[in-house]
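Chemist: Below, each chain spelled out in residue letters.
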Amino acid sequence: MSNPTETDAAQERTAAPPTPPRPAEWWRSARRQWAAAAVLAAAACYAPFQLVPFHVFQLTMVLVYAVALLGLNLLVGHAGQISLGHGAFFAVGAYTAAILFDRWALPYPLTLPVAAGAAFLLGLAFGVPAMRLRGLYLALVTLAIAIFLVPLLKRFEELTGGSMGLTLAKPAPPAWSGLAEDQWLYFLTLVVAVAAFLLCVGLLRSRVGRALHAIRDNEGAAEVMGVRLSVHKTLAFAWSAMFAGTAGCLYTWVIGFVSPDSFTVNLSITLLAGLVVGGLGSLSGPVLGGLFVMFVPGIAQDINDAAPGVIFGLLIIAVMYVAPTGLAGLAGRLLRKIPRKE
Amino acid sequence: MAGFLQQLVQGLGAGAVYASLALALVLIYQFTGIVNFAQGELAMFSTYIAWQLTAAGLPFWPALVLTLAVSFAGGMLIERVIIRPVEGAPELTLVIVTVGLFIFVNAAAGWIWTFLIKDFPNPFPAGALEAGGISIGLSTLGVLAVVGVVMGLLYLLFRHTKIGLGMRAVAANPESARLVGIRVGWTLALGWGLASTVGAVSGVLVAPLLFLEPNMMGGVLIYAFAAATLGGFDSPVGAVVGGLIVGVAETLAGAYVGFIGSDLKVGVPLVIILGVLLLRPQGLFGRAVVERA
Chain W
1 MSNPTETDAA
11 QERTAAPPTP
21 PRPAEWWRSA
31 RRQWAAAAVL
41 AAAACYAPFQ
51 LVPFHVFQLT
61 MVLVYAVALL
71 GLNLLVGHAG
81 QISLGHGAFF
91 AVGAYTAAIL
101 FDRWALPYPL
111 TLPVAAGAAF
121 LLGLAFGVPA
131 MRLRGLYLAL
141 VTLAIAIFLV
151 PLLKRFEELT
161 GGSMGLTLAK
171 PAPPAWSGLA
181 EDQWLYFLTL
191 VVAVAAFLLC
201 VGLLRSRVGR
211 ALHAIRDNEG
221 AAEVMGVRLS
231 VHKTLAFAWS
241 AMFAGTAGCL
251 YTWVIGFVSP
261 DSFTVNLSIT
271 LLAGLVVGGL
281 GSLSGPVLGG
291 LFVMFVPGIA
301 QDINDAAPGV
311 IFGLLIIAVM
321 YVAPTGLAGL
331 AGRLLRKIPR
341 KE
Chain A
1 MAGFLQQLVQ
11 GLGAGAVYAS
21 LALALVLIYQ
31 FTGIVNFAQG
41 ELAMFSTYIA
51 WQLTAAGLPF
61 WPALVLTLAV
71 SFAGGMLIER
81 VIIRPVEGAP
91 ELTLVIVTVG
101 LFIFVNAAAG
111 WIWTFLIKDF
121 PNPFPAGALE
131 AGGISIGLST
141 LGVLAVVGVV
151 MGLLYLLFRH
161 TKIGLGMRAV
171 AANPESARLV
181 GIRVGWTLAL
191 GWGLASTVGA
201 VSGVLVAPLL
211 FLEPNMMGGV
221 LIYAFAAATL
231 GGFDSPVGAV
241 VGGLIVGVAE
251 TLAGAYVGFI
261 GSDLKVGVPL
271 VIILGVLLLR
281 PQGLFGRAVV
291 ERA
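Those protein sequences? They're chains W and A, same order as listed.
Residues 1 to 342 in the UniProt record's numbering are what the first sequence spells out, letter by letter.
Residues 1 to 293 in the UniProt record's numbering are what the second sequence spells out, letter by letter.
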């Protein structure tokens, strides 16, 4: 604990008033961020040419989950509202894309905006009654939606294919790209994920993001400052549903198959678990959460069918106790421990 | 008409089960302000304990008593160990912790007893009473009677014992309660113990109707939430009345609304929750909370 650099840093933080960073410092930190982003981007573009198709598929699914978690994070991490039913919006996006593709033979790039829009509207519709009240009721309503969705999907058989689901052709790589199918799907997903990430960052840096943080930290104070609670909470819910719907659409592209049993309450709860472990309210949390959701259950299942649940449950509780910012927070803490050259 | 009454009776039977789980939810909410998403799973776990005891050769009723005692202790333990560290934390944290508990208990039951379904003995005789063209199953009557007894016992506890008085004081105002010498920490644990016991009763009542498996209570939980929302989260009477209404509404909707049928019945709690939130957010018997910002 008596690490000199840490105590020095702590003193600095408490003693020095928050001065605006000097241009040189700002430039250095911005340059570091850009460098990190460039390294990440290079790695993300290089990986699919080095990995076997199955691992490329797994990485693609990590990105799909990350997009969904990005939306959930907007709601839970930034606005402080609870959703136990984001799997339902994920499913709405997935089914919208599948049905458009299957029944009306819409070209697949067009299914994305429609799926996102459908999830957005649904989120808006359910957000209005639920957001007028405390967050707890939102959790109840979203849980009820997630439970209700599965029988609903099974009922409208002529549209959704019932319990059997729908099997679709995956988007084929265009000839000019020279990519294999798994690589093409990976890059499609990567582009959408990066766009979603940038949209999310932009949203959080705008007025909306500041309003959401104000609501999360103190609703009363936020209201007094002139933040319209119900409007912002409802919109946050709708945005968040939109990201989940987008992820669902990507899921349909990547898997090429949708069935009601892929979107049970378990999906919603797994998403929440992944986000909590990945890190609430941080930018890297959704990606870490996506990795967690994709890989941990598979590894744990080798021990016992129930092991993923046991691990998820214990980890969620442990994270809430000792590291409320999740893996992202822990990683940040570790990075800060590395002494910097000045 | 007889058919309608028959459906009504069936609805009441289902409603009694929802009522008992809703009662457990309301008990915990009253004391700690936590909506326990793990309540159904705790009930399921208790039911497994009862099953294990009867499978080991114990007769049903002693096994039940033992199960209730274990559930009571388990509920207190969970409060002391898992909930205490996050007491007073924001609602978001509390919900996430109970959701974590939900996942953990569900998986733990699957680990110990596997995910295969098990037959649970029905404590009530199989016959039925016939009156005026409708038949009331003895097990339905039994379920209603058990919920009535639980309700009565809780009433006696809260109104006529010193412990109950202390518990009501803690529910009303923990700080003042502590000042007059009530051990608030233990009272909260007691609340969780009581709720787990009531939940165990509902699990044992459900198990013969469904089948015993780790996901058994998942479906019941959402009805119990609807019941508690309808009755008001701070009213035990409301929970029971709400449970009966939800049970009847669900059964009638399934039987008479052709579009809903038996598969979409699970939409009824969603409609009820949304309806209550829009029209009377505090529920039928609940008090509207006036907050000072």
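Rather than coming from a laboratory, the hints here were simulated on the basis of the structure.
A couple of the hints might just be wrong.
[To be verified] One-sided excerpt, in silico: chain A residues whose CB lies under 8 Å from chain W: (1) A56; (2) T93; (3) G100; (4) L101; (5) N106; (6) F211; (7) V266; (8) I273; (9) L274.
[To be verified] Partial list, derived from the structure: chain W residues whose beta carbon lies under 10 Å from chain A: (10) Y46; (11) K154; (12) M164; (13) I317.
All residues carry an ideal CB built from backbone N, CA and C; glycine is no exception.
Chemist: Run every hint past the structure and note whether it holds.
Modeler: Hints, verified against the model:
Hint status for A/A56: violated, given a least beta-carbon distance of 22 Å to chain W, over 8 Å. The interface hint given for A/T93 is met, as the beta carbon of that residue sits about 6 Å from the closest beta carbon of chain W, less than 8 Å. At about 3 Å, the closest approach between the beta carbon of A/G100 and any beta carbon in chain W falls short of 8 Å, and the interface hint on this residue holds. With 8 Å as the threshold, the beta carbon of A/L101 comes within range of chain W, its nearest partner Cβ sitting at about 7 Å, so the hint holds.
Against a cut-off of 8 Å between C-beta atoms, the interface hint on A/N106 holds, since the closest Cβ of chain W lies about 6 Å away. Given hint, A/F211 at the interface with chain W, is violated; its Cβ is 18 Å from that chain's nearest Cβ, farther than 8 Å. Of the supplied interface hints, the one on A/V266 holds, with its beta-carbon coming within about 6 Å of a beta-carbon of chain W, less than 8 Å. For A/I273, the interface hint holds, since its Cβ comes within 8 Å of a Cβ in chain W; the closest pair sits about 6 Å apart.
Annotation: A/L274 was flagged as interfacial toward chain W, and the flag holds, the nearest CB pair being 5 Å apart, inside 8 Å. Taking 10 Å as the C-beta cut-off, the interface hint given for W/Y46 is violated, the closest approach to chain A being about 36 Å. With 10 Å as the threshold, the beta carbon of W/K154 comes within range of chain A, its nearest partner Cβ sitting at about 7 Å, so the hint holds. A least Cβ separation of about 15 Å between W/M164 and chain A goes past the 10 Å threshold, and the interface hint is therefore violated.
Interface restraint check: W/I317 against chain A, minimum CB-CB distance 4 Å, threshold 10 Å, status holds.
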